[in-house]
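With the sequences and hints as input, model every part of the structure.
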Amino acid sequence: QVQLQESGPGLVKPSGTLSLTCAVSGGSISSTDWWSWVRQPPGKGLEWIGEIYHSGSSNYNPSLKSRVTISVDKSKNQFSLKLSSVTAADTAVYYCARVGMAGTFDYWGQGILVTVSS
Amino acid sequence: QSALTQPASVSGSPGQSITISCTGTSSDVGGYNYVSWYQQFPGKAPKLMIYEVRNRPSGVSNRFSGSKSGNTASLTISGLQAEDEADYYCSSYTSSTTVVFGGGTKLTVL
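Chains as they are written, first to last, in the numbering used here: chain F, 1 to 118; chain A, 119 to 228.
No lab work stands behind these hints: they were computed from the structure. Note that the structure is a prediction, hence the values are computed from the model and not measured.
Derived lysine-lysine pairs resembling DSSO-like cross-links, with alpha carbons at most 27 Å apart: (1) K44(F) / K186(A); (2) K162(A) / K82(F); (3) K82(F) / K165(A); (4) K13(F) / K82(F); (5) K65(F) / K44(F); (6) K65(F) / K76(F); (7) K44(F) / K165(A).
Pairwise CB distance ranges, derived in the manner of DEER restraints: (8) S214(A) / A89(F): 16 to 24 Å; (9) G10(F) / G197(A): 34 to 42 Å; (10) G133(A) / S55(F): 44 to 52 Å; (11) S129(A) / K44(F): 18 to 26 Å; (12) N151(A) / K65(F): 20 to 28 Å; (13) S57(F) / S135(A): 40 to 48 Å; (14) T137(A) / D73(F): 37 to 45 Å; (15) G197(A) / K82(F): 44 to 52 Å; (16) S187(A) / S85(F): 36 to 44 Å; (17) P160(A) / A89(F): 15 to 23 Å; (18) Q199(A) / K82(F): 37 to 45 Å; (19) S84(F) / Q134(A): 44 to 52 Å; (20) V178(A) / S28(F): 23 to 31 Å.
Examples of chain F residues lying across from chain A (beta carbon under 10 Å, computed): (21) L46; (22) W48; (23) E51; (24) N61; (25) P62; (26) S63; (27) V93; (28) A97; (29) V99; (30) G100; (31) G103; (32) F105.
Beta carbons are placed, not taken as given, at the ideal position from N, Cα and C, and that holds for glycine.
Listed below in structure tokens is the structure:
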């Protein structure tokens, strides 16, 4: 059973960089799966941020692409998210998820609330 | 990319059936059989309920079913139960190799 766990600071200052890590257990990040980040602002819907393959290939939401970097660390079986130049609009619960066939998120982390505030 | 269109809310009585629609374009919902549906309870992570338009993961009740016609996908819940009250989201793979979600639908069991 694959399990995912997000970690990182819960508070980030405006104009700073949000950095989160997702630890994968019960499976290898070097499998045939992609790995993704999804966020949900308080009281709002889900927004896909992007995804990465263990080879380093990635795809990003066009609306966030200029500010997002997703990377993978095979030695630690984890992947990471960096979102730069954050504003209050980036305040959200951030989820990491495993991507099954073409955009199907079959395993999710519990989510981590990140607040952007001074 | 624009979010897929879902009704903000739907409601039904126990035992009834409800359907939630998810409308996109030929570049997402209409172009691929990669539509998924998720159930989310307050404060919890989403749970996959339907994938590839109509397939149920192991453990998901057969009261949940999915379909698609043109650019609109649908989730039907039959034999509605109080425990089905939650938010539901659709998602689709797109021609830009991205994923787009719907705005979400709040299901109320009366």
